[in-house]
Amino acid sequence: MIEESNKLLYRDELILYLIHCFQGERTISGIYHLLKGKKSAQSIQDSYLFHVEPFFHTCEDLDRMEFDSLIMECQHAGWICPKNDNSHHYILTQMGNEALAGQKTNLFPDGLRLTDYINDESQYWLKLQLMVQSLSALVHHQQAYLPLTHVPSVTESVRRCLLSTTLSRHDLANRFYEELVRLLSNCPSKEADLLVSQLTGFKKNGLTIRQIAVLTDRDNYECRLLFKSGLRRVMKQIAEKPDQFPYNSKLLHTQRSGLSRSAAETLQRIRDGLSLGEVARSRRLTESTVEDHLVEIVLKDPNFEVNHYLTDELELQIIQTATAAKTRQLKAIKSQLKAQASYFQIRLALARNAVRKGETFGGTSR
Amino acid sequence: MELRDETQKLKRAHVILKEKFGYEQFRAGQWQVIQDVLNGHDVFAMMPTGSGKSICYEVPGYLMEGLVLIISPLLSLMEDQVHQLRKIGEKQARALNGLMHPQERKRVLQKINTLRFLFISPEMLRQPQILAVLQRTKVSLFVVDEAHCVSQWGHDFRPDYLYLAQIKAKLGYPPCLAVTATADERVRVDIARALDLRDVRQLLMSVDRSNIALIVKKVMDNSEKVDQLIQLLSKVRLPGIVYCAARDWTERLAEQIRLHTGLRTAYYHGGMDAVDRRKIQNQFLDGELDVLCCTNAFGMGINKPDIRLVVHFQFPGTMNAYLQEIGRASRDGKQGLAVLYYTEQDERYPSGFIDMNFPDDTMLHQVLVELDQGLLQTEPKDNFLETLQGRGASETAARFLYEQVRAVPREKRFLSILDECRRIIRERRIIQMNDLKVMKDYINSNTCRRAFYQSFYKEKQQHKPKLCCDQCGLQFDAFSGEESPEDRPHSEQILEWRARLTLLLKGSDHEK
Chain V
1 MIEESNKLLY
11 RDELILYLIH
21 CFQGERTISG
31 IYHLLKGKKS
41 AQSIQDSYLF
51 HVEPFFHTCE
61 DLDRMEFDSL
71 IMECQHAGWI
81 CPKNDNSHHY
91 ILTQMGNEAL
101 AGQKTNLFPD
111 GLRLTDYIND
121 ESQYWLKLQL
131 MVQSLSALVH
141 HQQAYLPLTH
151 VPSVTESVRR
161 CLLSTTLSRH
171 DLANRFYEEL
181 VRLLSNCPSK
191 EADLLVSQLT
201 GFKKNGLTIR
211 QIAVLTDRDN
221 YECRLLFKSG
231 LRRVMKQIAE
241 KPDQFPYNSK
251 LLHTQRSGLS
261 RSAAETLQRI
271 RDGLSLGEVA
281 RSRRLTESTV
291 EDHLVEIVLK
301 DPNFEVNHYL
311 TDELELQIIQ
321 TATAAKTRQL
331 KAIKSQLKAQ
341 ASYFQIRLAL
351 ARNAVRKGET
361 FGGTSR
Chain D
1 MELRDETQKL
11 KRAHVILKEK
21 FGYEQFRAGQ
31 WQVIQDVLNG
41 HDVFAMMPTG
51 SGKSICYEVP
61 GYLMEGLVLI
71 ISPLLSLMED
81 QVHQLRKIGE
91 KQARALNGLM
101 HPQERKRVLQ
111 KINTLRFLFI
121 SPEMLRQPQI
131 LAVLQRTKVS
141 LFVVDEAHCV
151 SQWGHDFRPD
161 YLYLAQIKAK
171 LGYPPCLAVT
181 ATADERVRVD
191 IARALDLRDV
201 RQLLMSVDRS
211 NIALIVKKVM
221 DNSEKVDQLI
231 QLLSKVRLPG
241 IVYCAARDWT
251 ERLAEQIRLH
261 TGLRTAYYHG
271 GMDAVDRRKI
281 QNQFLDGELD
291 VLCCTNAFGM
301 GINKPDIRLV
311 VHFQFPGTMN
321 AYLQEIGRAS
331 RDGKQGLAVL
341 YYTEQDERYP
351 SGFIDMNFPD
361 DTMLHQVLVE
371 LDQGLLQTEP
381 KDNFLETLQG
391 RGASETAARF
401 LYEQVRAVPR
411 EKRFLSILDE
421 CRRIIRERRI
431 IQMNDLKVMK
441 DYINSNTCRR
451 AFYQSFYKEK
461 QQHKPKLCCD
471 QCGLQFDAFS
481 GEESPEDRPH
491 SEQILEWRAR
501 LTLLLKGSDH
511 EK
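Those sequence lines, one after another, are chains V and D. The first sequence runs 1 to 366 under full-length UniProt numbering. The second sequence runs 1 to 512 under full-length UniProt numbering.
Where hints are given, some of them may not hold.
[Said to hold, decoys possible] Partner residues aside, some chain D positions facing chain V, computed with beta carbon under 7 Å: (1) R86; (2) H101; (3) G271; (4) D276; (5) R277; (6) R278; (7) E403; (8) V405; (9) L501; (10) G507.
[Stated by the list, open to error] Counterexamples of contact, computed for chain V against chain D with all Cβ distances above 12 Å: (11) E60; (12) D61; (13) Q94; (14) D116; (15) P147; (16) Q198; (17) S282; (18) N307; (19) D312.
Think of the hints as simulated: they come from the structure by calculation, not from any bench. Computed from a predicted model, the values in this text were never measured in an experiment. Even for Gly, the Cβ is constructed at its ideal location relative to N, Cα and C.
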């Protein structure tokens, strides 16, 4: 065997790895939504259930055509195939398994695992870009510039940060510069370069990820993952030591926001003693939405008490059924347990089980 | 006496033009419009893209007491105009639109009495609180930009424009300036009536931009097209825009061009992330790109005077759109070039777009039924539009349906408008198919291209430029760039983070 043919491209390895994790239990769209970071209960839960949460929201700008052509590429290469005929569920072929196992090093950057502040990722990044653009215009005495974004929450937040200080614009720019240097010094330089190359300012327009990929002769997917890894490292430092980064911390909601806002509200009401039905009625939500919230809560807080909804015996029975059937597909489990367990209970049990197993990021079968 | 007054005004206007805008003299038509505006007349001005419409209300802004209110249908246009004014140091120019943070809106309204220019969307203008503030302000001039949007005959019909006459009345009938780039007779009559223009002075400039040479090239197939385009780009003056009918073409072409010419090339389309779009646009404006491959999503509100080339890789659906798009070339008055490539396969694009402008009959029927059953609601508007788009309707089709159903009175069933909707769709389709036919006739005509569209707009050809069109014997050689691609300044990209961050955030010390 020639060494070359064994070597996977970055994007191929990413797709093969994710298909390996999902084991054909979710459709190819599930992987697309994961990378895109779709904020649906299903996508968020799946990311925990299959231990792929570091990849959630890593390729925000991915479009479906680009993704589909990548899937086709992998299928043509013989690495993946539909689980059954005409199915959108894909699994690795033997060749695919070998190719993936043949990858010696783990390419995926570590910073991706820092998902605590993931809900604020897009907002913080927009704010950071606009902040740098504004400061750059200020220190270079630029009369007017076209702001990169008009998202109202972003422009307001940057405006407040600029006005809330008594520093001169040069001093403010200096402080901000210093903070960014400290934050980025703690990132691998590949990641820091990717992050800063996208920044816009006076006589320096930021590059898009795709432009950087062309210039550095890398893959779009690699660039996206490196960037997100860097961004998450930066956010984590700010959140953990806000006093050391006073200006950046004004742009980041440092509240550990694993939970979506709506799920957090549900949690509050449950703690106030409301039943699921009462929460649903009081919030004018359907009961299944509230159930989604509960699964989300369990995934993010392993200590959350679920005795109310799921007994230990039933939980054990569900997990045993799932293990015996080697599946995490709800329908398959439900069809065996019939009336003994509801879909909601099965989801809760799977969620708790996923959390207990802990993260297996980096691959289990390598 | 009167004559002396006029000379005085002209003098003062000239001073403003020079000091604020840096121009030595007015371009064709500008002074006539300004003069009529200053004398308190209602004015209708049809001026082609790139002829300097905005000067016509910006200069009066410095000569009249009070606020110039400019109604603009597009956020990007508004933003660009405020930006252009800021660049010349005008701080009293702001915009008001639906996407702004409420706090920001409040701040604008609070300082309205100190503003000189306010750009506003027609939707905003209908809000009672905003109107109330404006009623307490002296509005010196009521400008309706893209005035053709008021006409139901136009493609860009905006229902909110129909309320502008009422609003003008509530503001005490300030003089009104309605401007547009193209409007045929039918649309002009609509504009005057719908905006209630009185004692109106008209300026109808030719749609022709004589400094833009025109070439149509028929080729066998797409691969020949790509070859020819690549040859063209390595020969003629740039920067240039290449308009494509579909998103995937913009990406493919950009890559081909980059590989074969080494030109700094990027693509732009509506499917891209908003920040990425902004970055590419700014790179193009700042001269960091030689070629931009884009869909028609690019162009509105783009103010770059030195674009030398506009290529249509596929042709647009109307002559109007074509003139608008090539009109982005050479706004500085120097020589520009417009090239349209044609193969038979391109025919499917525009007719496909026309079909997509309307919901198909099954969807139309289904939506009306569901509205009657309460399974669908017309409000909030965004939800309604999103639901329809989720079912495969285009944005234009979704908007079309929204405009139809929101007019249904409460006591009537939605289904009762089914036949009316079908009739409207039929009628509009006929109009759009006719427009498309004119565009095809332009491509297939074997007489002077310029004469063709001038006769379509019922204009007589005034003078024929030396570099006219392919039918008049024009050759590409006349446009050879004086510099080879290697000579073009290659602004170096700095990718190393420390160096780049220092450049961005450290002002050089000698600047104070």
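Now for the hints, and whether the structure bears them out:
1. R86: Hint holds; R86 (chain D) Cβ to chain V Cβ min 3 Å, cut 7 Å.
2. H101: holds (3 Å)
3. G271: Hint holds; G271 (chain D) Cβ to chain V Cβ min 6 Å, cut 7 Å.
4. D276: holds (4 Å)
5. R277: violated (9 Å)
6. R278: holds (5 Å)
7. E403: Nearest chain V Cβ about 25 Å off; hint violated.
8. V405: violated (25 Å)
9. L501: holds (5 Å)
10. G507: With a closest approach of 3 Å, the G507 (chain D) hint holds.
11. E60: Per Cβ check, E60 (chain V) is inside 12 Å of chain D; nearest 7 Å; violated.
12. D61: Given that some Cβ of chain D is not farther than 12 Å from that of D61 (chain V), nearest at about 5 Å, it is violated.
13. Q94: holds (34 Å)
14. D116: holds (24 Å)
15. P147: Answer for P147 (chain V): violated, closest chain D Cβ roughly 8 Å.
16. Q198: violated (8 Å)
17. S282: holds (23 Å)
18. N307: holds (39 Å)
19. D312: Its Cβ never comes within 12 Å of chain D, the nearest being 42 Å, so this holds.
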